[in-house]
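J.: Protein sequence lines, in the order shown, are assigned to chains A and B. 141 is the number of the first residue of the first sequence in the numbering used here; add one for each residue after it. 401 is the number of the first residue of the second sequence in the numbering used here; add one for each residue after it.
Everything labelled a hint here was simulated from the structure, so no lab data went into it. This structure is a prediction, so every number in the text was calculated from the model and none was measured. Glycine residues also receive a C-beta, built at the ideal position from the N, C-alpha and C atoms. One or more of the hints may lead you astray.
Rough simulated footprint, nothing fancy, chain A against chain B, three-plus residues with beta-carbon under 8 Å [said to hold, decoys possible]: (1) 458-468; (2) 525-536; (3) 723-731; (4) 739-747.
Label pairs and their calculated CB-CB ranges [said to hold, decoys possible]: (5) B:Lys677 <-> A:Thr195: 34 to 40 Å; (6) A:Asn226 <-> B:Gly624: 40 to 46 Å; (7) B:Ala761 <-> A:Lys560: 35 to 41 Å; (8) A:Lys391 <-> B:Lys426: 42 to 48 Å; (9) A:Glu341 <-> B:Phe956: 41 to 47 Å; (10) B:Tyr939 <-> A:Pro355: 37 to 43 Å; (11) B:Phe956 <-> A:Pro348: 53 to 59 Å.
Given next are the chains, with one letter for each unit.
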Amino acid sequence: MEIPYIVNPRKDTGLINSKIAIWLFLASEVMLFGGFFSAYVYLRMGADYPWPERTLPVLPGLINTFILIGSSVTVVFAWVALKLGNWRQFQVYMAITVACAAIFMVLKGIEYNVKFHHQAARLNDYTVVEGHLGYEKDSEGEYSLDRHGKKIEENMIRVVAEKLTFSVKRFHAPWVNEMLSEAKRNGSEIKLAADIKAITEEGGKEEPLAKAGDPLSLELLEKIKQTQIEALEHNAALRTDALRLEWKEAKEANPGKRGWQLASDVNIDMEALKPRLLSEVSSVEFTVDPPTLLLFKPRDIKESPTSSRLRDDTVIDGAMGASPMVFHNLDAIDFQWLVMKAKEKGISPEAAIADSWLMKKSEFVREAWAWHLARNEKRQAELTKDYGFKEDGKTPKRTLTHKELYRLGWKDLGEMGVEKQQVKISGFDKIKEEFKGPNYEARGEKTFPHISIPREEIRHAAKFTPAWNTYYAIYFTITGLHGLHVIGGALVLLYYLVFGRKMFLSNPEWFANRVEVGGLFWHFVDLVWIFAFPIFYLM
Amino acid sequence: MSAHAASHDGHDHSHDDHHHDPGFIKKYIFSTDHKWIGLQYGITAMLFLAFGFYLMMVMRWSIAYPHEPLPEWMSWIFTDNWKARWLQDGKVTGETYNMFGAMHGTIMVFLGIVPLGFGAFGNYVTPLQIGAVDMAFPKLNMVSYWVYLVGGLIMCASFFMESGAAKSGWTNYSPLAGFADGQIVNQWLAGQTQWLIGLVCLITSSLLGSVNFITTIINLRARGMTWMRLPFFVWAMLVTGFLLLLAFPPLEAAGIMQLMDRVGHSSFFMPSGLFTKSEGLADLSGGGSPLLFQHLFWFLGHPEVYVLLLPAIACVAEIIPVNTRKPLWGYKSMVYSLLILGFLSFIVWAHHMYMTGMGAAVSTFFQTTTVLISIPSVIIITAMLISLWGGSIRFTPPMLWACAFIPMFGIGGLTGLPLAFNLVGLHLHDTYYVIGHFHYVVAPGILFGLFAGVYHWYPKITGRYMSVFLSHVHFWPSLICMNIIFFPMLTQGMAGFHRRWYNGGDAYLDKATAATADGANVFANTVAQNIDLNIVMSYGAWILAIAQIPFIINLFFSWKTGRKVESDNPWNATTLEWATPTPPGHGNFTFDVAIYRGPYEYSRPDCDKDYYPQWEAPKDRQQASADESADKGHH
Chain A
141 MEIPYIVNPR KDTGLINSKI AIWLFLASEV MLFGGFFSAY VYLRMGADYP
191 WPERTLPVLP GLINTFILIG SSVTVVFAWV ALKLGNWRQF QVYMAITVAC
241 AAIFMVLKGI EYNVKFHHQA ARLNDYTVVE GHLGYEKDSE GEYSLDRHGK
291 KIEENMIRVV AEKLTFSVKR FHAPWVNEML SEAKRNGSEI KLAADIKAIT
341 EEGGKEEPLA KAGDPLSLEL LEKIKQTQIE ALEHNAALRT DALRLEWKEA
391 KEANPGKRGW QLASDVNIDM EALKPRLLSE VSSVEFTVDP PTLLLFKPRD
441 IKESPTSSRL RDDTVIDGAM GASPMVFHNL DAIDFQWLVM KAKEKGISPE
491 AAIADSWLMK KSEFVREAWA WHLARNEKRQ AELTKDYGFK EDGKTPKRTL
541 THKELYRLGW KDLGEMGVEK QQVKISGFDK IKEEFKGPNY EARGEKTFPH
591 ISIPREEIRH AAKFTPAWNT YYAIYFTITG LHGLHVIGGA LVLLYYLVFG
641 RKMFLSNPEW FANRVEVGGL FWHFVDLVWI FAFPIFYLM
Chain B
401 MSAHAASHDG HDHSHDDHHH DPGFIKKYIF STDHKWIGLQ YGITAMLFLA
451 FGFYLMMVMR WSIAYPHEPL PEWMSWIFTD NWKARWLQDG KVTGETYNMF
501 GAMHGTIMVF LGIVPLGFGA FGNYVTPLQI GAVDMAFPKL NMVSYWVYLV
551 GGLIMCASFF MESGAAKSGW TNYSPLAGFA DGQIVNQWLA GQTQWLIGLV
601 CLITSSLLGS VNFITTIINL RARGMTWMRL PFFVWAMLVT GFLLLLAFPP
651 LEAAGIMQLM DRVGHSSFFM PSGLFTKSEG LADLSGGGSP LLFQHLFWFL
701 GHPEVYVLLL PAIACVAEII PVNTRKPLWG YKSMVYSLLI LGFLSFIVWA
751 HHMYMTGMGA AVSTFFQTTT VLISIPSVII ITAMLISLWG GSIRFTPPML
801 WACAFIPMFG IGGLTGLPLA FNLVGLHLHD TYYVIGHFHY VVAPGILFGL
851 FAGVYHWYPK ITGRYMSVFL SHVHFWPSLI CMNIIFFPML TQGMAGFHRR
901 WYNGGDAYLD KATAATADGA NVFANTVAQN IDLNIVMSYG AWILAIAQIP
951 FIINLFFSWK TGRKVESDNP WNATTLEWAT PTPPGHGNFT FDVAIYRGPY
1001 EYSRPDCDKD YYPQWEAPKD RQQASADESA DKGHH
């Protein structure tokens, strides 16, 4: 059995199978990316926050654009070389194509990496601050490490735990281990608060499962969990049978009546059932002696001043310590959103900014803002000089944008540092900054200061990841999916390059067909980027 | 399967090719033969259908007897642990009901009917009907089955996880679906997340499948199989393929975005300032749009309806000419209607969203397109109805189901008309009327069509007929029960019964006044007047389950004990699948296939038989010119 039209096209359609298939596949891909691009439009049109415009570094994006376009050309050259029967030339062009893909992914990787480490926080008054977080240090000034040996960012919720109550059903084992090792390091013990007694057999007596003072361990929790599961299963079966019996009796006693007419009178006789039930231990309480400091990631805990709750329903009683978010180095101050909100309420932007928490608390911010306002005046004057006034002779034809007016980005802060503090920076460092963002080491604390923000002032905080806002969400989704396509396409092309020789010798036409199909996909990958680049980097 | 493989001996009847005996695993498990893959799809899909049916039976218990524990015959399947976790004193809880409801819909649509209609029938029949040796990409075909199976198992595995399976309806609307299972520490292990991962697998599977189908139909048609000589079945598969190809990707996009919302804490579909009972003020950036999800979902969702429907219509359209011994009436109009239907199905999606407040202009647009789309579907169904006229009808088992399909689907279609209108839609939105409407389309409609297909092609697949007696025992109770279940839903829906009431409206019943039927609360009274229908419908559902037993017996026992077919073409049909050996071997055809005429040449006066197969060369010049003029439409 042989599938026809693999190598030579069918006469009436003029096509080989794989070419039809790849065009269909690309049509489907168009719909997929179409879905995402429509989502972009939809989210941007409906955004209720200042959409981050031109926020990504253009230079690496532009380089990537040219790299991809170049590789689209070389993949065609590789195909032509095959058609001419020149294997050597094919190898060269295909190798260039794959290398382009690799460079593209490296640049993309650098860009992603910078985002993953860049922290942003939205304060209660909608001021946005950006920068990098510092790391937790212990009393001797050494960096504290978590159990994976990684430094801990200064963005943790601190609770001085006195009492821990675990949900027997849902406790999360890694967290229990973490608390145990933390307590051990701090020299305190976690002990069972009271005896746990349970009936574990039908009709049996209460027997001790664990004694007060037993140390917390996963085995203990697992043991109680197992008992509870057995009890739940046993009791559920008993109650079900009892209820069935009640219904049977009720129906026999009231023929012709509907279930909803009887429902309120049909109840399980719990008194009669009680002697047969097993005990359900749903939570266990431990005391921490002496109370010890535990650190939690903000997403894992619902904190409150006296009693906090983890996502696995563990309740931690104890005072919440100061848990500030510490920027070790702040690199952007953004009042765009605050101004937007102020305008909605009819408050003047200047008043709102002056009234913001950041302006009140930080000397640096006040100075920086004063510098920014002075510079804005100069910029506006230049604009007016260049473009003149409107017909009324008063309003300038061009004004500064919302972003220019109310955002101090890292480039602005850098400019201020150079101008006010005479910070020196080399040309190489400047180019590096185009790729990797603000260079704290070269510019120092005078440009990018430290600032500590109390937890209660923060409304939402995240790295520059999909969690920060819908712009980054759609940016990562589209470029991430595109990146996967680049990797997938490059792997296929690489496969042709490395393993194609044999097929080239035995059936060069078929092999050329395959490369053509791969090349078509590669063009599509390029095309997606041609759309993605302007909407994320330029608009 | 590669081009290097030795070509098949043209006259070799045996189906194990001694040039490359594939071995058990390659032949039956990782098979690349479109017929075996079709059977794999069919068996898997039927198992999923049975499971989805079971979930529904539990739900129907909860609706009819919300205060009573599940009876033993329904709950024995659960482990004690599962019962302790998900049942309250043996009763179905609202949460469990939601889980079953969401999974019932998902399983029936994505794991049951699409794979049965498109995957099973499409795979088995399409290459045979166009005279191809196999699909264009046999390995891809195999992969798409396995990706489907993995996706389905991932979804169903979530029943056994801490979170349970997905609970936010088969439509999986955000922000509800974004928050569901939020308490689970590892979000990758939450049922709601598993649902999305499973869905991405299923979409990948159907993407591979549709590329394969369309390529096969375009490029692998036998000599002489021109476009207007294609059986209607193949046309339907072509259009279905395009719907799958182009409508699913936006849902994949939505699925990926929702996955990001769940595991990446993004806010694609989460509006600002979202406050929930369980989480308080959501720790999210906000700024997203729940409406965006609905747009992307229904952009798939409506074409999906036709993905379900077209294979069933296709089966019926094949069965009617065979059993009326006359050509399909208006073949060309049916084909053009099909194409228009396919196109229009892409621009009606927002009629599912009248309640969202998307604006009167948008609603009006979608109301118009929705009314428009009823035209091609009515043309198709009318053509099939007229095809019966003047035919010498043989009421074979497949014909019974095919005949029932027409009125049942008709009810489903006609009850949809009021829903197309914005104003009426607002009243009926999310009521049992909607449930009744689309279940009439899907259950006694589409499923009947697919049953017809099973009975029709079974002799080709196995070489034996299915038992006529058992098929009657299957058919009549099914027909009656389907109507017992779904007709009252229309009444209840108009009375305002909401589709998500896990207790069948009991909570809205003012029990004190309902007893006297003289309450001041009008709605409570309406509920009281209609609530007993729940019990009737539930019994209908359970009897329907019993009525499927003869089918299962028939399906398996006839394989070995059924009456043997007398020839390769037992129904005396005209289309190409009947030209193959029974069952067809690897490579399908044992002769060089050429096609001479259209697909439904029955009772032609110039032919000595009452059917004139597509593959039989014309005997004389007169017949040849008759074939030609038939092609041009001068029939």
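J.: For every hint, state whether the structure bears it out.
T.: So, going through the hints one by one against the coordinates:
Against chain A, the stretch 458-468 of chain B contributes 5 residues with a C-beta closer than 8 Å to a partner C-beta. That satisfies the three-residue criterion, and the hint holds. Remark: the stretch 525-536 of chain B is confirmed as covered by chain A, as 3 of its residues place a Cβ nearer than 8 Å to a Cβ of that chain, reaching the required three. Judged by the Cβ-Cβ criterion of 8 Å, the stretch 723-731 of chain B is not covered by chain A as claimed, because only 0 of its residues qualify and three are needed. Remark: the stretch 739-747 of chain B is not confirmed as covered by chain A, as 0 of its residues place a Cβ nearer than 8 Å to a Cβ of that chain, below the required three.
For the pair Lys677 of chain B and Thr195 of chain A, the beta carbons lie near 36 Å from each other, so the given range of 34 to 40 Å is met. Taking 40 to 46 Å as the suggested C-beta distance range, the pair Asn226 of chain A and Gly624 of chain B conforms, at roughly 41 Å. Under the hint 35 to 41 Å, the C-beta atoms of Ala761 of chain B and Lys560 of chain A, about 55 Å apart, miss the expected range. Checked against the hint of 42 to 48 Å, the pair Lys391 of chain A and Lys426 of chain B fails, with Cβ atoms roughly 58 Å apart.
Between Glu341 of chain A and Phe956 of chain B the beta carbon distance is about 46 Å. The supplied range of 41 to 47 Å therefore holds. Our hint of 37 to 43 Å for Tyr939 of chain B and Pro355 of chain A is violated, since their Cβ atoms are close to 58 Å apart. Judged by the Cβ atoms, the range 53 to 59 Å given for Phe956 of chain B and Pro348 of chain A holds: they are separated by roughly 57 Å.
Violated hints, listed in ascending order, are 3, 4, 7, 8 and 10; each of the other numbered hints is respected by the structure.
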